[in-house]
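Fit chain L to the known structure of chain X by using the hints.
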Amino acid sequence: MIRIITSLVFFICGLAFAQSPSQYEQGMGKAMGLWKEGKTAEATAIFERIASVEKTNWLPNYYVAFINTIEVFKSQDKSKAPAYLDKAQQALDNATAISPNNAELMVAQAMIYTAWIVQDPMANGMKYSSKAMEQYYKAQAIAPENPRVVFSKAEFEIGGAKYWGTDTKPMCAEIERSLGLFAKFKPETAFHPSWGLDRAQEALKNCGK
Amino acid sequence: MKTVFTFLVALYSMSLLAQTTISGKVTDNKGRPIEGANVFIEGAYDGTTSDAKGDFTFTTTEKGNQTLVVTYLSFETQRTAIVIETYQPQTLKLRESVNTLDAVVISAGTFKAGDNSKVSALKPLDIVTTAGAAGDIIGALQTLPGAQIVGESGRLFVRGGESDETQTYVDGIRVAQPYGATANNLPTRGRFSPFLFSGMTFSTGGYSAEFGDALSSVLLLNTTNEADQEQTNLSFMTVGLGASNTQKWKKSSLTFNTSYINLEPYQKVIKQNVDWVKPYQSLSGESVFRRSFENGLFKFYAAFDYAMFNLNQKDVNSVTPLNVDTKNNNFYLNSSYKGSFGSGWSIQTGISFGFSQNKIGLDVNDLNNRENASHMKLKLTKKFSDRINLTFGGDYFITDFDETYKDYSFGDFTYGYRNTIGAAFVETDIFFSKKLAAKVGVRAMNSDLLGKSTVDPRVSLAYKTSKNGQVSVAYGDFHQNPKQDYLKFHSDFNYEKTTHYILNYLYATNGKTLRAEVFFKDYKDLVKYDSNMPLFNSQYNNNGYGYAKGLDVFWRDNKSVKNLDYWVSYSFIDSKRDYKNYEAKVTPNFVANHTLSLVGKYWINDWKSQLSVTNSFATGRPYDNPNETAFMNGKTKSYNSLSMSWAYLLSQQKILYFSVSNVLGNNNVFGYQYANSPDLAGQFQRQAITQPADRFFFIGFFWTISQDKSKNQLENL
Chain X
1 MIRIITSLVF
11 FICGLAFAQS
21 PSQYEQGMGK
31 AMGLWKEGKT
41 AEATAIFERI
51 ASVEKTNWLP
61 NYYVAFINTI
71 EVFKSQDKSK
81 APAYLDKAQQ
91 ALDNATAISP
101 NNAELMVAQA
111 MIYTAWIVQD
121 PMANGMKYSS
131 KAMEQYYKAQ
141 AIAPENPRVV
151 FSKAEFEIGG
161 AKYWGTDTKP
171 MCAEIERSLG
181 LFAKFKPETA
191 FHPSWGLDRA
201 QEALKNCGK
Chain L
1001 MKTVFTFLVA
1011 LYSMSLLAQT
1021 TISGKVTDNK
1031 GRPIEGANVF
1041 IEGAYDGTTS
1051 DAKGDFTFTT
1061 TEKGNQTLVV
1071 TYLSFETQRT
1081 AIVIETYQPQ
1091 TLKLRESVNT
1101 LDAVVISAGT
1111 FKAGDNSKVS
1121 ALKPLDIVTT
1131 AGAAGDIIGA
1141 LQTLPGAQIV
1151 GESGRLFVRG
1161 GESDETQTYV
1171 DGIRVAQPYG
1181 ATANNLPTRG
1191 RFSPFLFSGM
1201 TFSTGGYSAE
1211 FGDALSSVLL
1221 LNTTNEADQE
1231 QTNLSFMTVG
1241 LGASNTQKWK
1251 KSSLTFNTSY
1261 INLEPYQKVI
1271 KQNVDWVKPY
1281 QSLSGESVFR
1291 RSFENGLFKF
1301 YAAFDYAMFN
1311 LNQKDVNSVT
1321 PLNVDTKNNN
1331 FYLNSSYKGS
1341 FGSGWSIQTG
1351 ISFGFSQNKI
1361 GLDVNDLNNR
1371 ENASHMKLKL
1381 TKKFSDRINL
1391 TFGGDYFITD
1401 FDETYKDYSF
1411 GDFTYGYRNT
1421 IGAAFVETDI
1431 FFSKKLAAKV
1441 GVRAMNSDLL
1451 GKSTVDPRVS
1461 LAYKTSKNGQ
1471 VSVAYGDFHQ
1481 NPKQDYLKFH
1491 SDFNYEKTTH
1501 YILNYLYATN
1511 GKTLRAEVFF
1521 KDYKDLVKYD
1531 SNMPLFNSQY
1541 NNNGYGYAKG
1551 LDVFWRDNKS
1561 VKNLDYWVSY
1571 SFIDSKRDYK
1581 NYEAKVTPNF
1591 VANHTLSLVG
1601 KYWINDWKSQ
1611 LSVTNSFATG
1621 RPYDNPNETA
1631 FMNGKTKSYN
1641 SLSMSWAYLL
1651 SQQKILYFSV
1661 SNVLGNNNVF
1671 GYQYANSPDL
1681 AGQFQRQAIT
1691 QPADRFFFIG
1701 FFWTISQDKS
1711 KNQLENL
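First to last, the sequence lines map onto chains X and L.
Mapping of the first sequence onto this note's numbering: position 14 corresponds to residue 14, and the numbering continues sequentially without gaps.
Mapping of the second sequence onto this note's numbering: position 502 corresponds to residue 1502, and the numbering continues sequentially without gaps.
This is chain X alone, in the form it adopts within the complex (with noise of 0.2 Å):
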């Protein structure tokens, strides 16, 4: 009896303790699963519940903006990219303030500017995609074995250069590169950005064709 109690007393305590920690883990595992299941604005919204409590932690923020940008990418609707971006802008400058010579971050913004560019390459072409290189370099300096660095680097030159009909080589060989990066590398925690393998591995196959 004295047993069961005693565990059960420690069983309370701990819940009481470890409440902080774990909610943060909670929430943070709730909302990347259902970003995986496709629910995006759920996902968005525990991820800016955790950002207003967690004001030194930069990870929410991250994804807030982060899934708003892919949105873009993914949706056909061309009307509510702005809203998207506007809003992936702003979660990002918050994340940025947390955390302001950050590599990854760096790239979320690079992948903000390449989704204005995709919006209207026309008028946003010449404008945002020198900004994003200039991200991408910072990026580099900081993080020059980040993987997600090198990789979108190079994705986004590749662009370019297949406009151009300038030889994409040089871009390719720095995907081949990534593959080794992403292998190495290890995330801080759990929730610390780790994407990027598959994209890379799909582009590596589209590479010289």
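Keep in mind the hints are simulated off the structure, nothing from the lab.
Since the structure is predicted, the reported quantities are computational estimates derived from the model, not experimental observations.
It is possible that part of the hints are untrue.
[What the hints assert, rightly or not] Chain L is nowhere near these chain X residues, computed Cβ spacing over 12 Å in every case: (1) G33; (2) K36; (3) E71; (4) Y137; (5) A183; (6) K186; (7) Q201.
[Said to hold, decoys possible] To give an idea of the chain X side of the interface with chain L (calculated C-beta under 8 Å), a few residues: (8) G27; (9) E37; (10) A41.
[Stated by the list, open to error] Simulated DEER-style distance windows between Cβ atoms: (11) L:S1292 - X:D167: 32 to 40 Å; (12) X:N206 - L:K1654: 25 to 33 Å; (13) X:N206 - L:G1469: 30 to 38 Å.
The beta-carbon is built from N, C-alpha and C at its ideal position, and this holds for glycine as well.
Same frame as chain X, now just chain L:
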């Protein structure tokens, strides 16, 4: 033992019981449910997403005073203070965000060139890719409705107004001498290279109380806030050379831009209608320094321009042509700061100084003048919410002008003036809803030289009529000091005055824009004088008056045909004035009743080329024939000019650019100059005022050197 256990269980259940349920409904302001809104307690993990009926329910362990937050894409985030223990289910109404792109915009009278703004008529790129504009900002604006084509001037003439009825501003600070040096009846260009500017607003009337001392129009140019990257641009042109370089540091950047233009080699090859002794030569440069602070941005802009030319101008009044030898020195600097402070406050302040010196030899006589012009400005804005803000501030202008005419036979005449103008303005922007917005302001001005004050009310309203359409109206009074040509001889004047009434309809969908505007302008107190031209001994008064009314239509479409972007501008204007030395109220000689511009740009992917075609047409302009009794009764033949350009991208950073203006070589006549006295047969002889050359050819090679290799100078061509 049992009691302890019961106690513990009770404690545990109590902690379960301490969870409070928060529920309610989220709707828009018309009561329609919103699905997918994020409802949560700020600073807690507790929250949920509203369902299809807008209903939400969640439990929280938080206590006491909390903030309930509701967010939803393109709606304003709502924060409600609640007390958890006494919370009752409630309906939360969200308001659509007025910051979104589909909110109503005040558009009467305004053309914008910028990014992501639906009222943008032009994109920054257009300044330079428009055939016939030749990289001149003013040239590109002349393809918009409301601007007249006045080929012998090259300046902006807006809606029946003269060119000096437009004021130009860089970063909110006035530019006293926006145009380059030129001789009588030869077109000039704007001094500013499009290279350094990212945003532009061209107002053809009804503009904000922030700006004044301009009867017709303001042109607002903004230098880029941030340099994209370090780069070097080189230009090799048939008319000269140019180079620019941008350096970037952590918080600041510096761009400088310099060019040397010499038309001599070109004019040796291509026949000119003007007898140049020494063709136009200039050395000019601009530089911008930007420094960003945590809450603000400081910019310093400086430009210099040294130009000289010498030509023999035919004059119907003399057997031998008049030799004009001009040397112009111009310097402009402008520093501005824009920042935010406190809660919702922002400040914009700056100072500019412009210096211009002309040394003009007219045969054996000399005309020398010098102008110093400064502007100081302070503007404060308080944002009360996303929907209401209040702007107020003041301007202080100082102009100092001296001129000496050295007559070979009669000696020197020296004259000039000094004027200081103080102005104050206050204005508020109010969004009543996403559909209805208003801007109401008033501006007061006092000129030291005239010794008089004015108060100008300005009002504009915009209402969204459908998903893509909106109607705007604008009304305003505008006062301006009489122009330099008069003030240098005489100062006992009143302000010249206009009142604008504008009705605007704007329809914008993705890639297509229709803008139609009708306007009426009432001119009062215009300056009149009683001599051939304004002189020191002329009799002046403010008894002139007039009107201008008309219709402007603009249509732009870059969606219907792939890779084709085109626009059509049409202006109809009916304007009459009795001013200057006019004998009666007539249509002035710079007004053409109908103006039509067609601009097309076609991108050929396989050739990596952009072809651009511009056709400008205007009906004939009046001129006065002293051989007839009726005043200003003549009319020139209509004007037409077809221009083409071809930009070829050799590689991503190397561009070859060809352009020809007036391809068809139309002999356009802008007016006639008549002799001051009749010949022996009693007839006044005349000579036509025509183009300096039938066509203008241009070939340039533009090379950008930068780290990322993606940027090029297409936007500067």
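A closest beta-carbon separation below 8 Å is what the hint needs, so does G27 (chain X) meet it against chain L? holds (6 Å)
With 25 to 33 Å as the target window, see if N206 (chain X) and K1654 (chain L) comply at their CB atoms. holds (28 Å)
Does the Cβ distance between N206 (chain X) and G1469 (chain L) fall inside 30 to 38 Å? violated (44 Å)
Outside-interface status for K36 (chain X) - nearest CB in chain L farther than 12 Å: holds (17 Å)
Could you let me know if the closest chain L CB is still more than 12 Å away from the CB of K186 (chain X)? holds (28 Å)
Supplied contact hint for A41 (chain X), tested at 8 Å Cβ to chain L: holds (5 Å)
Residue hint E37 (chain X), partner chain L, criterion CB-CB below 8 Å: violated (14 Å)
Chain L versus G33 (chain X) - minimum CB to CB distance exceeding 12 Å, so not interface: Label holds. Min Cβ-Cβ 15 Å, cutoff 12 Å.
So the hint says 32 to 40 Å: do the beta-carbon atoms of S1292 (chain L) and D167 (chain X) match that? holds (38 Å)
With d taken as the least Cβ-Cβ distance between Y137 (chain X) and chain L, does d exceed 12 Å? violated (7 Å)
Assertion that E71 (chain X) lies farther than 12 Å from chain L (Cβ): Since the minimum Cβ distance to chain L is about 10 Å, E71 (chain X) lies within 12 Å and the statement is violated.
Taking the minimum C-beta separation from Q201 (chain X) to chain L, is that value above 12 Å? holds (26 Å)
Hint violations for this structure: numbers 3, 4, 9 and 13, all remaining hints satisfied.
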